[in-house]
Every structure is written in C-alpha cells, then in structure tokens.
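Peer 1: Here is what each chain is made of, one letter per residue.
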Amino acid sequence: MILIGKAHKLGDNINTDDIIAAKYLITTDEKELGKHCMENILPYFSKKIKKGDIIVAGKNFGCGSSREHAPLAIKGCGISAVIAQSFSPIFFRNAINVGLVFLELPYTEEIYEGDNLELDLNKGIIRNINRNKIYSFPPFPEFLHRIIKEGGLINYIKKARLKYV
Amino acid sequence: MGYTIAEKILLAHSKREVIKRGEFIEVLIDVALGNDITAPLAIEKFKRAGFKKVFNRNKIVLVSDHFVPAKDMRSANQAKILSDFAREYGIKNYFDIGTMGIGHVLLPEKGLVLPGDLVIGADSHTCTYGALGAFSTGIGSTDLARAFMDGKFWLKVPNSMRFIYRGKLNRWISGKDIILFTIGKIGVDGALGRIIEFSGPLIRKLSMDDRFTMCNMAVEAGAVTGIMEPDKVTQKYISSIPQFISRIPKFYSSDKDAFYDKIYEWDLSRLEPQVACPYLPSNVKPVSSLKNIKIEQAIIGSCTNGRITDLRIAARILKDRKINSGVRLIIIPGTQDIYKQAIKEGLAETFIKAGSIFSTPTCGPCLGGHMGILAENETCIATTNRNFIGRMGSVKSYVYLASPAVVAASAIKGKITHPAELIDR
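So the sequence lines, in the order shown, correspond to chains P and Y.
Just so we're aligned, residue 1 is where the first sequence starts under our numbering, counting upward by one.
Just so we're aligned, residue 1 is where the second sequence starts under our numbering, counting upward by one.
Looking at chain P on its own, in the form it has when it is part of the complex (with noise of 0.2 Å):
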C-alpha cells in the first residue's frame, strides 16, 4: 500500500484531549469525532485537511486517556497515517486495533510542515518528495502484522475463531 499526502507538524506529547476534547465523547461517529479533531490545540485543524494527508509529530503521541475516540478522530478527518518519534502505549494498541496507519521514526524534525510524503508500506520507505530524503522503518512484528493485515484486532480474531472452532 501506497499512501500520499501532505504532511502536518505538531508538537511532542500530543495527548488525547488535543486530539478530541471529552465533551465529544457523546458520539461514536468518525466523521463527527473528525470535525473536532485537534480543535483544543489547532481550532481549524480539521478543515484544513486533505483527504491523505499525514500527521508528523514528535515523541509521546496519543498520551492521555483510553479514548478509542481519538484514533477514530483522526482517521475521520480524513488523516492517512500519524508519523511520530514514540507513541503512548494505549495510543499504540488502540491504532493497531482500529486499522491506524502509524509510524515510529526519529528524524520527524527533518520533516516540515507542507512537506509532500510518500509512504511505502509494503517497502517500509518514507519519502519526503520536496526534501529528496528516504526513511526506511522497520517491518511490524508478525503478530502485529497479522492484525493490520486483517484490518484491526475484530476481523483477526474472527478469522482466527474460524480457522480453529
């Protein structure tokens, strides 16, 4: 899979409050969760995202709450993968488990905001096309793999009960 978009700078420790505020948590809705994504920190965040585009930001990404809201948030507004240095482990597994496109990589600060990307997930290659640099990340561990393969965590565990009831 093949995915394009331009990239968005935040900062480090973006908790789940910047990514969707409690007083939305009344919905389960990803489009309506992605309105108000960042509205706490970037008030017009969401309109200014173009279906693909990409989130880069620093270490500690997702720290906060449990909310499974927040990655649905993301995606709802129309964000194709979130790029971070490090992720808070809740963050981590709700990605996995919702079929989040995200990435570890520690150079985010060689990426500016406006940057056009290129992420090669088969390859495991980002390409920064203005700044003409590569980024190899490391393959998800099997177990891993095999759930974002399926789509997230529900579809694996239904295929797993079929291979094995």
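Hints were generated in silico from the structure; no laboratory data involved.
In this text the structure is predicted, and so the values were computed from the model without any measurement.
Glycine residues also receive a C-beta, built at the ideal position from the N, C-alpha and C atoms.
Treat the hints with care, as some may be off.
Stated by the list, open to error - Each pair of labels, with its calculated beta carbon distance range:
1. P/Lys50 x Y/Arg74: 23 to 31 Å
2. P/Asn130 x Y/Arg57: 51 to 59 Å
3. Y/Pro242 x P/Lys48: 52 to 60 Å
4. Y/Lys168 x P/Pro141: 40 to 48 Å
5. Y/Lys168 x P/Lys50: 32 to 40 Å
To be verified - Facing chain P, a subset of chain Y residues (Cβ under 7 Å, in silico):
6. Lys20
7. Phe24
8. Ala70
9. Ser75
10. Ser124
11. Ser141
12. Arg146
13. Tyr264
14. Gly368
15. Ala375
Following the hints, complete the assembly by docking chain Y onto the known chain P.
Peer 2: Using the frame of chain P, we list chain Y on its own:
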C-alpha cells in the same frame, strides 16, 4: 533470571511455561471494565462483529461514572447502552447512580479486584489497581469488545522500572505529592511503555488510599501500569471488604534477580507539597515557589483523590473555616459508600458549612464533562490527574494539580497555599 511481580502475574495468566520481555503474548483476564464513554463503542463493536455470548458475565464490570447523572440527552443514551447490555447478558456488576462510584475507587471497595488479578479497563486510569498487587492496565474499546467475547487480551511484555522511596515524610505530604514529584523528575514519557514498580520502605508505610493515588497516575508518566508488592497493609484492606468472599487473592513479589531497565532511588524526607502547573502533569513545582496564584475554583475528588482519607484531610483543614469568597469549592466523593461515610463522620457538614458543595460521585469536571466547567481565564486547583489545555473547560483556562490538603488550603486563601500556613501542627 527471575521475574518481577508484574511478569509473574502475566505468566500466571498466560498458558506458557515462560515469558520474555518484548514478546507478544495473550493472557486470560480476571476483570474487564468499561464506562459510559468507552463501553458504548465496545458494545457497538461486539454486536457488529456478530458475537453472541460474553465469555463470563461475572468478570465484566460496567460503571456509568463519567457523565452521570446524565449531563445531556446523548450522555443519557450512552449510559442506557450500558444498562441495556448488562440486562441482556446478565451482567450483575453494572453500577449506576445510587450504587455507583468512580470505577477505580469503586472496584477495590467492592472486592472486585484482588491482589494477583489481571485487570483490563477501557479507561487509562485502570492502572490504579496496581496498588493492590494486581496487573491492571488501560486499553481501548476494541480490546474491550474482544475481551467481552473471549476473555483475552494481547500485549507485548513490557520492561519494568523500579522506583525506591526512602525517608520520613513531612506533615501534609501524601501519595499525591510523591507521584507528582516522581512525574516531575522523569517526565510524561519517563516510563513510556514500561511498568513502574513502586517500592522501598516509604511505600510500606503508606495507606492503601495513598497507594491507589500513586498507581493511578503511573499512566501520566507514559507507563503501561504502576504496581506495588502487596503486604500487611494490603492484607488488612482486603480483609475489611465485606463483599470479598468468592475468590482467593494471590500475593506475588518480585524475585531478587528480576530485571529492571532503570532503577531510581529517592529520599523524600525534605519533600514539600508538590503542584503540577499547566499544561502537563510533569510541570511540577514545590508549593512554596508558587506565589500569588489566584484561583476561581478548587476541586477535591476523582479516581486519583476521591477516597475517604482524602476527604478527611480536606475536612481537617476546612473545619470551622470559610472558603474565600472568590472561590467555588467542589468536593466529590469517589463512591456512594464514601459519600455515606463522609456524612456519618460529619465531613459533609464541615464541607457545606465552609461554603463548598458536596456532590454525588462522578468523574464530572476532571475531564471537563460537567459539574464545574471552567470559563475563559479562570484558574482551578484540583486533586485530579491531568492539566492539559482545555481539560476542564475553556482552552484559555488553567488547571493546577495538587493534594487534597493543598487544594483545601488554597480554597480558603483564594490562592495556591501551603496547608502549614493555616495549621502549624
């Protein structure tokens, strides 16, 4: 090489002979917890997946605590999804107003979590139960939907860090000050993806309530969970639970040669009350360095500090005093039993006489839900756990985190205050 307490609990809940750090494993859980924000999404996923049965109706706990009493129609609907699901699947551990409490205060009180248990909860503060010597961690709604179905949970076996605390605490220093100090030292990603094992002679002297407070905020340092080895204090606590009958607690402890990827040691004899300033729980300063920080609101409660000892400390300071006329003080007990106990002990009367309000249990204002939302340019000092931008209301409001003693003293003075300014000894 030996195992840590956390690794021993994971091993006991896996179907394996050995486990290794960094390895992906699946474990069987003892308790799966959901609330009125996360469980509706889990239930939706459970149904959409076509799952027909829950793995064990006695191991699922549903608590409507975040937006109750329902703050609006849509949150009323979310709580109703929980009660309908509980009825449909015969889940007896569903708690609504009248019997409920904030989940992480309620579950230990009801004996639903015991030492040695493996607990997952679709709420990041599920790590609270580490105080009992249980492995407990926050997960998402999809994880919860899956656990409802087969009682299992996947994880990568995390590395552990060991924090050793020594010394003798000064007056007014509580578990909250210790955990704020710790997060201030290591940062909000200081324990990222790892397990914090709180240990040392100082921990042994802490009450269960202080221990819950500390483990509760392990997630604020990025940890998968915080955990403490159970001891006599733990034993006494669980023996006092009237409902505790059916299951046998298991007291695990870490092996001498267990592996920790980092060990910190602190002597806290000189620690003074700690305050986390906006906008991170790691932005911690000693209370004496905060001069003339005026407050409009103060909150005592939450899964971090809504327990009976927290209310007793607040009452000790508020007794026969009046809060500052420019301050709204909101006191929220963690559970219905704590509410009743506070009335019985006269704490409720003290609170009301001082000019505060004493509410029914709810997470309410902690996450900016209801019951005390902040206006623009307002400042609040709270015993809660997060002070992110807009956490409690306006994105132009400010939240400071502190202990019940500091919050009560600040409510009286109208600015952030050391309790020793009001009571010498």
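Peer 1: Please go over all the hints and tell whether each is borne out by the structure.
Peer 2: Taking the hints in turn, this is what the structure says about them:
1. Taken as a hint, the range 23 to 31 Å holds for the pair lysine 50 of chain P and arginine 74 of chain Y, whose Cβ atoms sit roughly 30 Å apart.
2. Between asparagine 130 of chain P and arginine 57 of chain Y the Cβ separation comes to about 56 Å, which falls inside the hinted range of 51 to 59 Å.
3. At roughly 56 Å, the beta carbons of proline 242 of chain Y and lysine 48 of chain P sit within the given window of 52 to 60 Å.
4. With their beta carbons about 46 Å apart, lysine 168 of chain Y and proline 141 of chain P fall inside the hinted range of 40 to 48 Å.
5. As the Cβ distance of lysine 168 of chain Y to lysine 50 of chain P is approximately 60 Å, the hint placing it in 32 to 40 Å is violated.
6. For lysine 20 of chain Y, the shortest C-beta to C-beta distance to chain P is roughly 13 Å, which exceeds 7 Å, and the interface hint is violated.
7. Using the Cβ-Cβ criterion of 7 Å, the hint placing phenylalanine 24 of chain Y at the interface with chain P is satisfied: the shortest such distance is roughly 4 Å.
8. Taken as an interface hint, alanine 70 of chain Y does not check out: its beta carbon lies about 10 Å from the nearest beta carbon of chain P, beyond 7 Å.
9. With its C-beta approaching chain P no nearer than about 5 Å, serine 75 of chain Y sits inside the 7 Å limit, and its interface hint holds.
10. Given hint, serine 124 of chain Y at the interface with chain P, holds; its Cβ is 4 Å from that chain's nearest Cβ, closer than 7 Å.
11. Here the hint on serine 141 of chain Y is kept, as its CB sits about 4 Å from the closest CB of chain P, short of 7 Å.
12. For arginine 146 of chain Y, the shortest C-beta to C-beta distance to chain P is roughly 6 Å, which falls under 7 Å, so the interface hint holds.
13. Given hint, tyrosine 264 of chain Y at the interface with chain P, is violated; its Cβ is 19 Å from that chain's nearest Cβ, farther than 7 Å.
14. The interface hint given for glycine 368 of chain Y holds, since its Cβ lies 5 Å from the closest Cβ of chain P, which is under the 7 Å cut-off.
15. Restraint check, alanine 375 of chain Y versus chain P: the minimum CB separation of about 14 Å is more than 7 Å; hint violated.
Of the hints listed earlier, those the structure fails to meet are numbers 5, 6, 8, 13, 15, in rising order.
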